[in-house]
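Here the protein sequences come in this chain order: A and B.
Our numbering puts the first residue of the first sequence at 1, with every later residue one more than the last.
Our numbering puts the first residue of the second sequence at 1, with every later residue one more than the last.
Just so you know, the hints here were simulated from the structure itself, not pulled from any lab data.
Check before you lean on any hint, since a few could be wrong.
[What the hints assert, rightly or not] Partner residues are not named here, just some residues of chain A that face chain B (Cβ under 10 Å, in silico):
hint, residue
1, Arg-88
2, Pro-103
3, Leu-253
[Said to hold, decoys possible] Over 10 Å on every C-beta distance to chain B, these chain A residues come out as not near it, computed from the model:
hint, residue
4, Arg-4
5, Pro-10
6, Ala-21
7, Leu-23
8, Ile-26
9, Leu-31
10, Arg-34
11, Ala-53
12, Val-100
13, Phe-108
14, Arg-120
15, Leu-124
16, His-144
17, Lys-227
18, Ile-235
In this text, a Cβ means the ideal position worked out from N, Cα and C, and glycines have one as well.
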Amino acid sequence: MRLRFWFLLPARLGMTVLLAAPLAIIVAYSLLHRGPYGGLELPWTLESYQRLADPLYLRIVARSLGLAAAATALALALGFPAALAIARARRYRNLLLQLVMLPFWSSFLVRTYAWVFLLRDTGLVNTTLLALGVIREPLPLLYHDGAVLLGLVYGYLPFMILPLYAALERLDPALEEAAADLGAHPWAALWQVVIPLARPGIRAGSVLVFIASLGAYLTPDLLGGAKTVMIGNLIQNQFTTSRDWPFGSALALALMMLVTLLVTHLLRRDAEAL
Amino acid sequence: MRLTLSLAATAVFAFLHAPLAVLALFSFNASRFTVWEGFSLGWYRAALRDQALAEAAGNSLLIALVSAAVATAAGTLAAYGMWKRQDRILLGSLYLSLVTPEIVMGVALLALFQFAFRWLDLQLGMFTVVLAHVAFSLAFVVIVVSARLRTLDRSLEEAAMDLGAGEWQAFRLVTLPALTPAILAAALLALTLSFDDYVITSLVAGVDSETLPMWIYAAARRGVSPVLNAISALVVMFFGLVILLSEALQRRARNGRTR
Numbered sequence: 001m002r003l004r005f006w007f008l009l010p011a012r013l014g015m016t017v018l019l020a021a022p023l024a025i026i027v028a029y030s031l032l033h034r035g036p037y038g039g040l041e042l043p044w045t046l047e048s049y050q051r052l053a054d055p056l057y058l059r060i061v062a063r064s065l066g067l068a069a070a071a072t073a074l075a076l077a078l079g080f081p082a083a084l085a086i087a088r089a090r091r092y093r094n095l096l097l098q099l100v101m102l103p104f105w106s107s108f109l110v111r112t113y114a115w116v117f118l119l120r121d122t123g124l125v126n127t128t129l130l131a132l133g134v135i136r137e138p139l140p141l142l143y144h145d146g147a148v149l150l151g152l153v154y155g156y157l158p159f160m161i162l163p164l165y166a167a168l169e170r171l172d173p174a175l176e177e178a179a180a181d182l183g184a185h186p187w188a189a190l191w192q193v194v195i196p197l198a199r200p201g202i203r204a205g206s207v208l209v210f211i212a213s214l215g216a217y218l219t220p221d222l223l224g225g226a227k228t229v230m231i232g233n234l235i236q237n238q239f240t241t242s243r244d245w246p247f248g249s250a251l252a253l254a255l256m257m258l259v260t261l262l263v264t265h266l267l268r269r270d271a272e273a274l
Numbered sequence: 001m002r003l004t005l006s007l008a009a010t011a012v013f014a015f016l017h018a019p020l021a022v023l024a025l026f027s028f029n030a031s032r033f034t035v036w037e038g039f040s041l042g043w044y045r046a047a048l049r050d051q052a053l054a055e056a057a058g059n060s061l062l063i064a065l066v067s068a069a070v071a072t073a074a075g076t077l078a079a080y081g082m083w084k085r086q087d088r089i090l091l092g093s094l095y096l097s098l099v100t101p102e103i104v105m106g107v108a109l110l111a112l113f114q115f116a117f118r119w120l121d122l123q124l125g126m127f128t129v130v131l132a133h134v135a136f137s138l139a140f141v142v143i144v145v146s147a148r149l150r151t152l153d154r155s156l157e158e159a160a161m162d163l164g165a166g167e168w169q170a171f172r173l174v175t176l177p178a179l180t181p182a183i184l185a186a187a188l189l190a191l192t193l194s195f196d197d198y199v200i201t202s203l204v205a206g207v208d209s210e211t212l213p214m215w216i217y218a219a220a221r222r223g224v225s226p227v228l229n230a231i232s233a234l235v236v237m238f239f240g241l242v243i244l245l246s247e248a249l250q251r252r253a254r255n256g257r258t259r
């Protein structure tokens, strides 16, 4: 079919110029030197990659991995009951699903800002607690790792709920009834029947939340303190304030590798199963 | 167990929605502090009077409309082309664009533009933002349109061609009408993605192309302000309208299928 060539052309061009070319350029940049004024200089070198092993940066990578893992665990703990409730609801299923989709579509930036509004020293939580006399001094609720964790969980929770729901919805209710008939307590049925069968959804949701959190920039930037720098902020900083494009490129590629490996390894099995 | 489950689920839904609801409520607060002093539309009036804000909103709307139009056209054609015969390289690169962290895509595009500007007499501005937005929304358009194509019967086009239609006519008269709701839904998704993006936009924007998210971000950095609360509420309402529109389209698409 001759038409197909012309139909695919704009997207092929777009992906070549706006995805392949930019990635190729940062691969090249990551292998160059940083010039005295933030420019790029030959010769080719692996210096930027060697700097990734610097304890200063390893600590940031470790913090990012830790925050992403914690956000994933929390999102799973919160998302599972919500997804199960939606899957079991009969009359209100669509409404509940809409309620999960709504923040998914809504502005991520505004949703993150809402926590600044709630948690800062003169925010709603502190003023309310002060007015009630529970506390005398405003609590430091913002600008630390805990606030970032909260922001990540809040921001990416729909990524967890939707695949979980998709897995739970396909589950045959008869399986749980059978477990009950055989004498299983509802909690035992949940642990031994429902959760194992929902594993593809758990895996998919966890990978989505983990990679989104790992690459987060806006959440740590708005909710984190000066110390809560994640990989995303470090990359942005190399391309703006520090003007160290080779190192920024190496960092960006390292993050990209990590994310792509996670996705291809953990999700391929499930994609084949679907 | 049923009770525990319901309580937990209710708490999670409250967690998902309370922050925005409270924020929207306080945008109507007469006081500039976080203490309720009575109902007022004053912050909305102040927001509408703000020149820089109006300009940023205008830029955002223009960028969203243009980039959504381009991404929807290119994405729909690509989805159709890949439905005819799969293109593994294109599909792979679309998935890659989907999993690439925003910050990585942003710095890579910045590097590309700066590299190209060594030879071209151009600078960062509206068009670089539009190109960047097309880059990240294309994959979403392809996914939405492909999902609809998968439900279509291939023999319809074959029948049209047996009856003398050319390739183009079969696409134009048989498949395209069936795709219209999906294409509109994809366009709305691309529109919201563009309208909300901050991370990539802030990296590739020029001096003349401040967008609404950039304004919101700068205001949020300066601190909480009631005007910012009002703008946030308006943005959420805008997104709500888009979702309703998209829902209505999908319902029409479903009804069309059963008819």
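Structure-based check of all given hints:
no.: 1; hint: Arg-88; verdict: 8 Å, holds
no.: 2; hint: Pro-103; verdict: 6 Å, holds
no.: 3; hint: Leu-253; verdict: 8 Å, holds
no.: 4; hint: Arg-4; verdict: 5 Å, violated
no.: 5; hint: Pro-10; verdict: 4 Å, violated
no.: 6; hint: Ala-21; verdict: 6 Å, violated
no.: 7; hint: Leu-23; verdict: 6 Å, violated
no.: 8; hint: Ile-26; verdict: 5 Å, violated
no.: 9; hint: Leu-31; verdict: 13 Å, holds
no.: 10; hint: Arg-34; verdict: 14 Å, holds
no.: 11; hint: Ala-53; verdict: 20 Å, holds
no.: 12; hint: Val-100; verdict: 7 Å, violated
no.: 13; hint: Phe-108; verdict: 6 Å, violated
no.: 14; hint: Arg-120; verdict: 6 Å, violated
no.: 15; hint: Leu-124; verdict: 5 Å, violated
no.: 16; hint: His-144; verdict: 17 Å, holds
no.: 17; hint: Lys-227; verdict: 17 Å, holds
no.: 18; hint: Ile-235; verdict: 5 Å, violated
The structure does not agree with the numbered hints 4, 5, 6, 7, 8, 12, 13, 14, 15, 18 stated previously, though it agrees with the rest.
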